[in-house]
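A.B. asks: One line per chain: the protein sequences are A and B, in this order. So in numbering that gives the first Met the number 0, spot 60 of the first sequence is number 59, and the numbers just go up one at a time. So in numbering that gives the first Met the number 0, spot 197 of the second sequence is number 196, and the numbers just go up one at a time.
Because the hints were derived from the structure by calculation, they are not lab data. Fair warning: this is a prediction, and the values are worked out from it, not measured in the lab. Yeah, the Cβ is synthetic: ideal placement off N, Cα and C, and Gly gets one too. One or more of the hints may lead you astray.
[Claimed, not checked] DSS-like, lysine-lysine: derived pairs with alpha carbons at most 27 Å apart:
{"#": "1", "chain 1": "B", "residue 1": "K1", "chain 2": "B", "residue 2": "K50"}
{"#": "2", "chain 1": "B", "residue 1": "K183", "chain 2": "B", "residue 2": "K114"}
{"#": "3", "chain 1": "B", "residue 1": "K107", "chain 2": "A", "residue 2": "K165"}
{"#": "4", "chain 1": "A", "residue 1": "K165", "chain 2": "B", "residue 2": "K110"}
{"#": "5", "chain 1": "B", "residue 1": "K1", "chain 2": "B", "residue 2": "K72"}
{"#": "6", "chain 1": "B", "residue 1": "K72", "chain 2": "A", "residue 2": "K2"}
{"#": "7", "chain 1": "B", "residue 1": "K64", "chain 2": "A", "residue 2": "K165"}
{"#": "8", "chain 1": "B", "residue 1": "K99", "chain 2": "B", "residue 2": "K52"}
{"#": "9", "chain 1": "B", "residue 1": "K1", "chain 2": "A", "residue 2": "K165"}
{"#": "10", "chain 1": "A", "residue 1": "K2", "chain 2": "B", "residue 2": "K114"}
{"#": "11", "chain 1": "B", "residue 1": "K50", "chain 2": "A", "residue 2": "K2"}
{"#": "12", "chain 1": "B", "residue 1": "K114", "chain 2": "A", "residue 2": "K165"}
{"#": "13", "chain 1": "B", "residue 1": "K52", "chain 2": "A", "residue 2": "K165"}
{"#": "14", "chain 1": "A", "residue 1": "K104", "chain 2": "B", "residue 2": "K114"}
{"#": "15", "chain 1": "B", "residue 1": "K1", "chain 2": "A", "residue 2": "K2"}
{"#": "16", "chain 1": "A", "residue 1": "K2", "chain 2": "B", "residue 2": "K171"}
[Claimed, not checked] So the derived list for chain A, only partly shown, Cβ under 8 Å to chain B, looks like this:
{"#": "17", "residue": "K136"}
{"#": "18", "residue": "L164"}
{"#": "19", "residue": "Y167"}
[To be verified] From the structure, some residues in chain A lie toward chain B, with a derived Cβ separation under 10 Å:
{"#": "20", "residue": "A129"}
{"#": "21", "residue": "E134"}
{"#": "22", "residue": "G135"}
{"#": "23", "residue": "A163"}
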Amino acid sequence: MTKTRRFAPPQPWPSGPGDIETAVDAARGPLTGDPPLESTGTLSLRDTPDGRLAKAGWRLQCAPAGPGTEAWRLVDGAGRDIASATLRQPVPGFADGLPDGRLAKTLEDLCRSRALRPALEVDWHATDIALRDGEGKIRCRLVAETVTDRDQPARTATTVSVIALKCYRNDADTVAGRLITRLGWPNHAGEPIELICKQASGSLPARPTHDPAPSDPAGAVLREILSHQLDVIEDRLPGVLADTDSTYLHQMRVAIRRTRSALSQLGPALATEGRAEAVEGFRWLGQVTGPARDLDVQLIDLAERRGREDGDGLAALERHLKREKKRTQKALVRTLQGPRFAEVIAGWRRSLDPAVGDWSATDTARAPFAWVVGARAAKLHRRVLKDGRRITPDTPAEALHELRIRMKKLRYVVEFLGDVHPRERMRPVIKVLKGLQDVLGRHQDREVQVEALRRYGHALAGPRAGNADALMAIGAWSVELEADRRHAREEFAAAFKAFASKETRALFHAIFAPPVGAPVDTAAGEDDPPSQTAQQLEPT
Amino acid sequence: MKILASYNIKGGVGKTAAAVNLSHVAASRGERVLVIDLDPQGAASFYFRVKPKVKGGGRGLVRGKRDIDALIKATDYDNLDLMPADFSYRNLDLLLDAEKKSRRRLRKLLKPLAKDYDIVMLDCPPSVSLVSEAVFEAADALIVPLIPTTLSLRTYDQLERFKIEQKLRALKLLPFFSMVDRRKALHRQIIEAFPDDHPNVLQVPIPSSSVVERMGVERAPLTAFAPRTTAAAAYRALWDAVDEAT
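My request is simple: use the sequences and hints to build the entire structure.
C.D. replies: Next comes the structure, spelled out in C-alpha cells:
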C-alpha cells in the first residue's frame, strides 16, 4: 500500500556522520523527523553458474528469516516480487528441490537442471526516519539503504527512498521534490543491490567485460580475450571438482575450445613464448574433460527422456550411467588436481603475462584486431562454403563431421569479433551459424550416442549385470536416435542453403569488413605464409 | 477476507481498544488489516492520529459513489490501514435507510476490498440500529467485549436473542471479558460461571489496566507502545483465540 521514490545521492554516500541529518533537514519542511531507526543484515544473491537469472534481469535474494530458515525472493529489475518462499536450511542447491509453488515453477522453467549457487554476498544497512505532522502522524518515511559487497568492501552503493503512505502521497512528493531541488539528487529506479550487481556482475561472465575498439592491436586484444578464458577455466574449476552442476564443466570446456581456436586460427597474432606448449596442453585438456561431459549430456538426455516415459529399463540405464559418471568424475578430479593440469595453466598464464610474452612482436599482432580476426574468419567462411557445397546426399558421413569441425572453428573466431561489433550486428550471424551447427551437431551426436548406448548395452548384458528391460530401453532409444540422425542429414541441405544464401553472406561480410582507416598493407604478418597476402586476407 | 466487528450494545466496554489492539496484533503477524471506524466519536481514528474526516461523508460512503479505496489511509504501522470516522456517521442510520436493501449495503461496499485485505475490523458505535444490523449482515463474527457485571451480561443476552430473531445463523458471537479486575469478587464469580451457559466465550480476559487508558495519551495501540505489558500479552492471546474461532 506504499509508493516509493528512490534517489541516488552522489556516491559514496553518506561520506560523513552528518550527511543523513543534512538530507532530512533539507527535505522535511514543516514535518519533524523521528530519531533514526537503524537495521542491518546480510543478503545473498543466487544464480546459476551461467547467470541465467541475471540475464533475465531478475535477482534471487536470499536472507536469513529466523532460526534454521531462509527467505527467498525472486524479484525483477525494479525490485518487484515475482515469487517468494521461506525455506528450511539446508536450502536446496537446485530449483527442483524447492517446495511446490510459484517460486519453484518459475525457477525450474528458467534454470532447468542448473545449480543455484551464491553469486554475491552483501551486507546491508538501513536508516529509517519517519517524518511526522503536528498531530504526530507519520506522513512519509526517508530510508537510506547501503549495500556492501562482502568480498570487496570498496564496492558499495547507497540509495535514499521517500516512502509514501496510502492517502499521504502529496507529502512524499513534496519531500521528494525538495531532495531534487535542494540537494540535486537524481531519481534512481532500482534498489542499491542493483547498483552493486552492475558493478559485480554476479559471477565471472563467459565473455570479457572490456570493450576493445576494432582498430586496437590484435595481439593486445587477443591477450585480453585469452586471459579472460583462462580466468573462466580457473573460476569454474572448483565447480567441476565438486560436480555440483554440469554447467561448470560445460563452461570450462567452452573456454578451452575458445583458447584452442585462437591458438590454431590466430597464431600469428599471439606471442610465441609458450604457444606450442599451450597448443599441446589445451588439446590434452580438451581430451581429458571430454568423457565426463559426454556422460553429463547422456544423463541430461536420459532425464528428459524419463520425464516423457518411465520404466525399469531407463532406471537401470540411469543407475549404470551414474556409476560410470562417478568413476569418470573421480578420474577427472585426479587429473585436474594433478601436476600436468597445474603446469598447463601456469605455463599459459605466464605466456599471457605481458612482461613474459611479447604480444606485439609481429606485424599481425600489431595490426588492427578486427582486420586480423575478420580476415581469418573470412577465410574460414569461404572454406566452409566450399566444403558445404560439395556435400550431396551420397557424401560419406565423415565429410559432414569435418565440416562440423570447420564450422566450430568459424564460430569461435566469429565470436571473437563479437567483442568489437555491436550485438545487433552479431546476433543474426551467430543465429545462422548456430542453425547449421545444430543440424551438423545432431547428425554427429546421434551417431556418437548410439555408439555409447551400444557400449552401455554390452556392459549391462554381461553375466553379472543382465537386465533385459534396460537392453530393451537402449534398443528403443537407439532406434529413435538413429532416426533423428537421418532427419538431421535430410535437413542439412536446407540449413546449408540458408547459410550460403546471398543475404546471409552479406551479413558475414559486414562483420568481416576491416575497420575504416585500417592499415591494410601492414596486416599480413611476418608469420603468415607468403601466399597469404593482404589481398587474400581481405574479406570477400 | 475475514470481516470482524467489535461490537456491544453498551458503550464504554472496551470495543475500540479491542478493535485497535487486535488489528495491530494481526497486522504485526503479517495479515493485511483494515480498520473501519464506524463510530462518529472517532476514537479509533484518534488512536491512529488520523483526522476523523471522510470525503463525501457518510452519504458518499453509503451511496458507493466514491471509490472506497480512496477513503482509506495508512496508519503508522505496516500492513494496517484505517478508514477514518466522520461526524456525519451519526446519521448513518438514516442514510442507510434511504438505500435499497439497506442491511446488505455494507457487505456490498466492502466486497471490493477483498483483494487488498485479509481482515477488515469494524469498530462499531454502541447501539442497536440499522447500522448494527448492516454490520451483522456484513460480519463473519462479532467480537463482543463484556465487563463482568450484571448489566453488561444482560446486554449480551439481548444480543443473542436478536441474533436468533433475525435468523443470523452464519454470524458468530465471540464474547470475551474486558476491563477485568480480579480483586473484585463479582468479576471472579461471573467469569467463572458465564462459560457454563456460553461455551463460545473466549477464555482470554483483558485486565483493567492503566496502560489501556494510556492509549489515549500515546495515541497508539498498546501492543505497539507497551508490548511487554500484561494487557498487551492478553490482547495477543485474545487475537489467537479470535483467529482460531473464525
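A.B. asks: Determine for every hint whether it applies to the structure shown.
C.D. replies: Verification of the supplied hints:
1. Between K1 of chain B and K50 of chain B the CA atoms are separated by roughly 26 Å; this keeps the pair inside 27 Å, and the hint holds.
2. Restraint check for K183 of chain B and K114 of chain B: not satisfied, since their Cα atoms lie roughly 46 Å apart, outside the 27 Å limit.
3. Among the hinted pairs, K107 of chain B with K165 of chain A is consistent with the structure: their alpha-carbon atoms are about 23 Å apart, no more than 27 Å.
4. For the hint linking K165 of chain A to K110 of chain B, the alpha-carbon distance of about 20 Å falls within 27 Å, and the restraint holds.
5. Taken as a hint, the K1 of chain B and K72 of chain B pair is honoured in the structure, with Cα atoms around 19 Å apart against an allowance of 27 Å.
6. For the hint linking K72 of chain B to K2 of chain A, the alpha-carbon distance of about 13 Å falls within 27 Å, and the restraint holds.
7. Distance restraint check for K64 of chain B and K165 of chain A: the Cα-Cα separation of roughly 20 Å lies within the 27 Å cut-off, and the hinted pair is therefore satisfied.
8. A hinted pair counts as satisfied when its Cα atoms are at most 27 Å apart, and K99 of chain B with K52 of chain B qualifies at roughly 25 Å.
9. A threshold of 27 Å between alpha carbons decides the hint, and for K1 of chain B with K165 of chain A the separation of about 21 Å falls inside it, so the pair holds.
10. Restraint check for K2 of chain A and K114 of chain B: satisfied, since their Cα atoms lie roughly 18 Å apart, inside the 27 Å limit.
11. With a C-alpha separation of about 21 Å, the suggested pair K50 of chain B and K2 of chain A falls inside the 27 Å cut-off, and the hint holds.
12. With a C-alpha separation of about 16 Å, the suggested pairing of K114 of chain B with K165 of chain A holds against the 27 Å cut-off.
13. Using a Cα cut-off of 27 Å, the hinted pair K52 of chain B and K165 of chain A holds, with the two alpha carbons roughly 15 Å apart.
14. Pair hint K104 of chain A plus K114 of chain B holds up; C-alpha atoms about 24 Å apart against a cutoff of 27 Å.
15. Distance hint between K1 of chain B and K2 of chain A is fulfilled; the C-alpha atoms sit about 26 Å from each other, no more than 27 Å.
16. With a C-alpha separation of about 37 Å, the suggested pair K2 of chain A and K171 of chain B falls outside the 27 Å cut-off, and the hint is violated.
17. With its C-beta approaching chain B no nearer than about 4 Å, K136 of chain A sits inside the 8 Å limit, and its interface hint holds.
18. The interface hint given for L164 of chain A holds, since its Cβ lies 4 Å from the closest Cβ of chain B, which is under the 8 Å cut-off.
19. The interface hint given for Y167 of chain A holds, since its Cβ lies 7 Å from the closest Cβ of chain B, which is under the 8 Å cut-off.
20. With a cut of 10 Å, the hint placing A129 of chain A at the interface with chain B holds, because the nearest CB-to-CB distance is about 7 Å.
21. Annotation: interface hint on E134 of chain A holds; nearest CB of chain B at approximately 5 Å, less than 10 Å.
22. The interface hint given for G135 of chain A holds, since its Cβ lies 5 Å from the closest Cβ of chain B, which is under the 10 Å cut-off.
23. A hinted interface residue such as A163 of chain A counts as satisfied when its beta carbon comes closer than 10 Å to some beta carbon of chain B; here the least separation is about 9 Å, so the hint holds.
Checked against the numbered hints above, the structure breaks hints 2 and 16 and satisfies the rest.
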